[in-house]
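Line by line, the protein sequences give chains F and H.
Under my numbering, the residue at position 224 of the first sequence is numbered 224, and the numbers go up by one with no gaps.
Under my numbering, the residue at position 446 of the second sequence is numbered 446, and the numbers go up by one with no gaps.
Because the hints were derived from the structure by calculation, they are not lab data.
One should not assume that every hint holds.
Stated by the list, open to error - Pair ranges (Cβ atoms, derived):
(1) Gly476(F) - Phe598(H): 39 to 49 Å
(2) Thr479(F) - Asp11(H): 25 to 35 Å
(3) Asp11(H) - Gln491(F): 45 to 55 Å
(4) Gly33(F) - Thr340(H): 43 to 53 Å
(5) Thr340(H) - Val6(F): 56 to 66 Å
(6) Gly33(F) - Thr270(H): 31 to 41 Å
(7) Val21(H) - Asp412(F): 13 to 23 Å
(8) Asn43(H) - Lys420(F): 23 to 33 Å
(9) Asn43(H) - Tyr409(F): 55 to 65 Å
Said to hold, decoys possible - Covered stretches of chain F, as calculated for chain H (at least 3 residues, CB under 8 Å):
(10) 50-60
(11) 69-78
(12) 205-215
To be verified - Here are the simulated DSS-like cross-link-like pairs (lysine-lysine), alpha carbons at most 30 Å apart as the crow flies:
(13) Lys27(H) - Lys118(H)
(14) Lys46(H) - Lys418(F)
(15) Lys48(F) - Lys46(H)
(16) Lys608(H) - Lys624(H)
(17) Lys575(H) - Lys393(H)
(18) Lys467(H) - Lys46(H)
(19) Lys393(H) - Lys195(H)
(20) Lys467(H) - Lys382(H)
(21) Lys624(H) - Lys27(H)
(22) Lys418(F) - Lys619(H)
(23) Lys417(F) - Lys619(H)
(24) Lys437(H) - Lys27(H)
(25) Lys608(H) - Lys46(H)
(26) Lys507(H) - Lys555(H)
(27) Lys175(F) - Lys202(F)
(28) Lys420(H) - Lys417(F)
(29) Lys420(F) - Lys575(H)
(30) Lys186(H) - Lys555(H)
(31) Lys417(F) - Lys46(H)
(32) Lys46(H) - Lys53(F)
(33) Lys46(H) - Lys27(H)
(34) Lys420(H) - Lys393(H)
A virtual CB, placed ideally from N, CA and C, is assigned to each residue, including glycine.
Here are the chains, one letter per residue:
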Amino acid sequence: MSQPTVNSRPATWSGTSAPILYKFTSTNYANAGYRMEVEIWDNVAAAKIADAKYYANGSGAVTVDVSAFLRSNMSLDLEADLTSGTVYQDVNWINYYIKYQEVWTASSETQVNDSANPRWAIYGGVQLGNANDFSDYVDPTFNFLTLPDECTAIVNYNFLFGFIVNGANQFLRVKRYANGSLLNTTDSSDFSGVGAWIGRIKETSTADRIDVSIWGPDSTELLLNGDFALGSTYWSNVGTGVSWSTGFGGPASASLDSTTNTTTKNYVQSFTAQSVGDFRFKIKCYTDVLAEHFNLKVSTYTGNTLVEDVLDFDCTWVMADQDANEQDTGIITVSGGFDRIYIKATITTVGLCGANFSLVSVTDEGTDAQLSETKTINILEDCNNIVMLAWRNSLGGWESYPFTYNQEYTWDYGNGKKAKRLTLFAENLTLTQWEAINGLNTTGQQYRNNITEMTTSLNRTSSKVGQSVYVLNSDGSKTGVVVINQTNVTQTKQQQHSAVVTIEYPETFLQ
Amino acid sequence: MRPNVQIWFNDDLLDLYDNTVIAQNFKSFDLFSFSVSFRNYTNSFKVPFTENNDRILGNIRVLSSDDATIYSSNTCRIIQNGVEIVNNGTPIVRASDNGYDIFVLSGLNVFETIGSEKLTELDFTASGTGYNGSSNPIYTATTGRINPVLNYGRFDGADLLEEIYIPSFFYHSLIDSIFDDAGVSKSGSIFSDNKYLNTIIPFARSRYAYTNDFIDKRLVIVEKTSGQSISNANLPTTNITFPSVIYEGSEGWWNNATSDYTPVEADASTGERLCYIQVELTLDITVTGGTVDIIVQNSSFPALATGIGTSTFTATTAANVASALVNTSYNIRATSASGTPSVTVNSGRLTITPINQPQFGSNSHMYYNLLLPDMAKRDFLKDFSVRFGQLFKEKDGVVYCKSIDEIINDKSNAVDWTSKRVKAPDRISYVPSGYAKNNFLTYKSVDFQTPEDFGEASFTITNPGLKDEVTLYNAVSASKTDYTGQIYCAQVPLYDDTESSFMETFKFSPGLRVLLVRDKSSDEPTLTANGGAITGISSYKVAYFHDRNQTYSCKYQDTIDDYYPLLIESLQRFKMVEREYILTEADIQNLDFFLPVFDNDSYYILNKVGPYIPDQPCKVQLLKL
Chain F
1 MSQPTVNSRP ATWSGTSAPI LYKFTSTNYA NAGYRMEVEI WDNVAAAKIA DAKYYANGSG
61 AVTVDVSAFL RSNMSLDLEA DLTSGTVYQD VNWINYYIKY QEVWTASSET QVNDSANPRW
121 AIYGGVQLGN ANDFSDYVDP TFNFLTLPDE CTAIVNYNFL FGFIVNGANQ FLRVKRYANG
181 SLLNTTDSSD FSGVGAWIGR IKETSTADRI DVSIWGPDST ELLLNGDFAL GSTYWSNVGT
241 GVSWSTGFGG PASASLDSTT NTTTKNYVQS FTAQSVGDFR FKIKCYTDVL AEHFNLKVST
301 YTGNTLVEDV LDFDCTWVMA DQDANEQDTG IITVSGGFDR IYIKATITTV GLCGANFSLV
361 SVTDEGTDAQ LSETKTINIL EDCNNIVMLA WRNSLGGWES YPFTYNQEYT WDYGNGKKAK
421 RLTLFAENLT LTQWEAINGL NTTGQQYRNN ITEMTTSLNR TSSKVGQSVY VLNSDGSKTG
481 VVVINQTNVT QTKQQQHSAV VTIEYPETFL Q
Chain H
1 MRPNVQIWFN DDLLDLYDNT VIAQNFKSFD LFSFSVSFRN YTNSFKVPFT ENNDRILGNI
61 RVLSSDDATI YSSNTCRIIQ NGVEIVNNGT PIVRASDNGY DIFVLSGLNV FETIGSEKLT
121 ELDFTASGTG YNGSSNPIYT ATTGRINPVL NYGRFDGADL LEEIYIPSFF YHSLIDSIFD
181 DAGVSKSGSI FSDNKYLNTI IPFARSRYAY TNDFIDKRLV IVEKTSGQSI SNANLPTTNI
241 TFPSVIYEGS EGWWNNATSD YTPVEADAST GERLCYIQVE LTLDITVTGG TVDIIVQNSS
301 FPALATGIGT STFTATTAAN VASALVNTSY NIRATSASGT PSVTVNSGRL TITPINQPQF
361 GSNSHMYYNL LLPDMAKRDF LKDFSVRFGQ LFKEKDGVVY CKSIDEIIND KSNAVDWTSK
421 RVKAPDRISY VPSGYAKNNF LTYKSVDFQT PEDFGEASFT ITNPGLKDEV TLYNAVSASK
481 TDYTGQIYCA QVPLYDDTES SFMETFKFSP GLRVLLVRDK SSDEPTLTAN GGAITGISSY
541 KVAYFHDRNQ TYSCKYQDTI DDYYPLLIES LQRFKMVERE YILTEADIQN LDFFLPVFDN
601 DSYYILNKVG PYIPDQPCKV QLLKL
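Could you build all of it, start to finish, from the sequences and the hints given here?
The following block contains the structure:
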């Protein structure tokens, strides 16, 4: 008896629209009553989501497809509050692993926990001609889960797009342009975790183009003089601040007596001259009393000459005890060469007291670089009959398109309900936009959403299996609609294409 | 208005199609066939293959799914427009093609819970009803087990012999246990009815023996195939081991680590007798320096083999020489018989078989549930329904019992549906189905002492549309009641007068019978039992079938007279009316087949309601009173 050989596992990210396979070779398969009992676990919720049995073929190969079980634990809904925020974690993905055990009539192998090999799945799929592998959509290739080469948005309306975050300290960079000139660059806060994410832009001013891209630490980390820990010999205490000694809670700490409530520490480290660029530091601090203020100032020097104060940020951490580790990441962008960094840390308590503080670490997190493709969104002027649709595409990401032409308005009275229907028209589409819009036509069955309580957050009365379509309103609200399938035809040699889509709004409640 | 339909599968809400219609059908407890197969049901409806439904139903349409959800007992609630139409349904997922096919049963779920379980599966352990235990006779019990005066064929009016240990069981205790085990409580006037409380089931099995399941759960077959050397010095303390378990019953009396057979019974005390055990041992043994005896250590077993030298032998104990004592370990050892022997046990096989004949007498622990009639619980409930004229209703974990006549009499609580009626010509049926001009309730006749027509009762219905006769119920046996000495008691022959001692296998099979017990009268004698080993039995109860001196009788004519007079009266001018009513969800939620319905100028008993679809006329079948 021996455990089965794992020949292959699913890709790190794969789609539930196609088989998601673990492949094994068993040496026990010839035993009477042989089967492989598999448990599928949600790695985040730490909960088992399914039990399944699989059987070997005549040569001991066992193929375990977990796609259906994963899909049933996802949702295609748009749960983000689109009235604020720029990025939102999506709900159409899962982080999972399996446990497997070979069992047969007379005996069994011990269960193997494969939690050391977590995988991720998204409710979507790549198309034929590809392996079930979303590696093109994660670092380092990092394409957006939004298909058109060129996107179109409207002033004052939300525009949604999707992407996968697969690493730490990554963020969304939004660059606004007008007439080809960069107006400004805005970075989101770091994504709070791995997963599928939704990005939102809403232009309310004069930009006519917005570029979005994902940034994060590149693979080449800036290393200063080796050990970057505060306690290392590479750092020296300089200046007139209170001399912090190694002790409480970390490599360098300070004590306040009952007559003062502020302590300051200066550090300096020398290293080989660095060039211009972004450097990311993570500063971690804790205290044993309530602190109200932590100030960190970072300056670069060449020799003893100040180059620039590159960072001066106040944190309003309220730290009540030593266990409440607080940490934050500061980005310094240096515009000139330097060979020294000074760090001045000042901590102020709520009142006068005896207290201990510790600046635990300053960690070099590397430089930031663009990780993803750049997705360009053209911004059009507002007009009075816009229907801005956002919908899940086949990859599990989000598409958005503003239908600005005339719409046909009817009512449907089928299946015991009354519902408004609009037929939308789109012109001057690129072929990829035309293809993306036809992604609205799906084959899933329509069903009625349960309404257990009437609340303001209800936004649809019907859904289609495998489809998630919303009308995005200018106030940030959204209305769930279903698409009545309609065939569109175009000619590939044409430069411009047109499409027609019919949507059905939530039913009207009547007596 | 959008009908808001919610279907909860356990605690999860199923997604439904736009046009899903749940039509609910409600039935009275099968009023005219005395059947206990009764449930409300919905139409079969489809739910879509959404992620939510897949997850709730365990992805069962994925063939590799090993999820047991839909095969288990699940609960279902159906809420229509905010009103709970079904609150304790059983969802049945029947099939799937382009959606899951589901229907929901509800109403009397207790029968579904009971399934095909038998009375012998009743939980008589301490954690259940606690009836298992000592074999000592209980002469005057009012609940559980009782050992009444009853003539099994050898009673002479003075000594009850060993048959005093043969238990009878109170009918109401079995009903209580059935409901307890099903996880429901009960309510109804019948449960304080004197006749009901004094009804018993005498011993009904053809052998004084537990079921074969008793053996299977405790049987052990083990063997060894490799040698085990035991020096002379170690012989007194070393078990012959049997490392390979060929079969071990579910009670787990075999300890493979120590090669001990240890009877365990959570409710019994250490040292109590559970049953006889029989040991069969085959050994291939090499003995040097003398001879050995092969014994069952720590028991009253005689040696399995004595004076054994090198040999291969098989030894078997008698079936009734030694008992399995609670928490006592039995093992096989070799002891010195002559010389200073050392042994090598080359191979062997050990079979320890429990004997399923209960041991009575002091310090014995009895599994009384295994001595109950070989009868399904639901059949017993059917007998209860017929014998005491009871209909069942279940709500919120309570089974309500009420006789048909109690319902008919409850006109003061009738529900007035006059204003809800859809005015249309009545469809009326005048011939009751399931009945005849002459309707018999009869006992089986299984022994020569009971006259064939004994215990036969009938009622007549004057209706030319009916067939001549039908036997409505014939499931248990009658018993003759006659004087034995000075005691007028029931006769349940297990023996004729030719047997001189208690025998495990009876000459006659008693079959299922139902008797009543009464207190000993002052002029009845003090008795002895077990051949005089037990004396001075001056207080006891006497089992009887029919006794003119007693208030109650087991004759069916009493059943008809006591529990069915108003029903029979209604059947004489039978009118089953089918009408339509506009019922609200609240009407359905409060639907109570235990209350008469009043409409315009008459009272009715509900027989069927449905299919009920909100805001549509609902068909209702009513029996005119």
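- Task: Compare the structure with the hints numbered earlier in the document and write down the numbers of the violated ones, lowest to highest.
- Result: 1, 9, 12, 18 and 29
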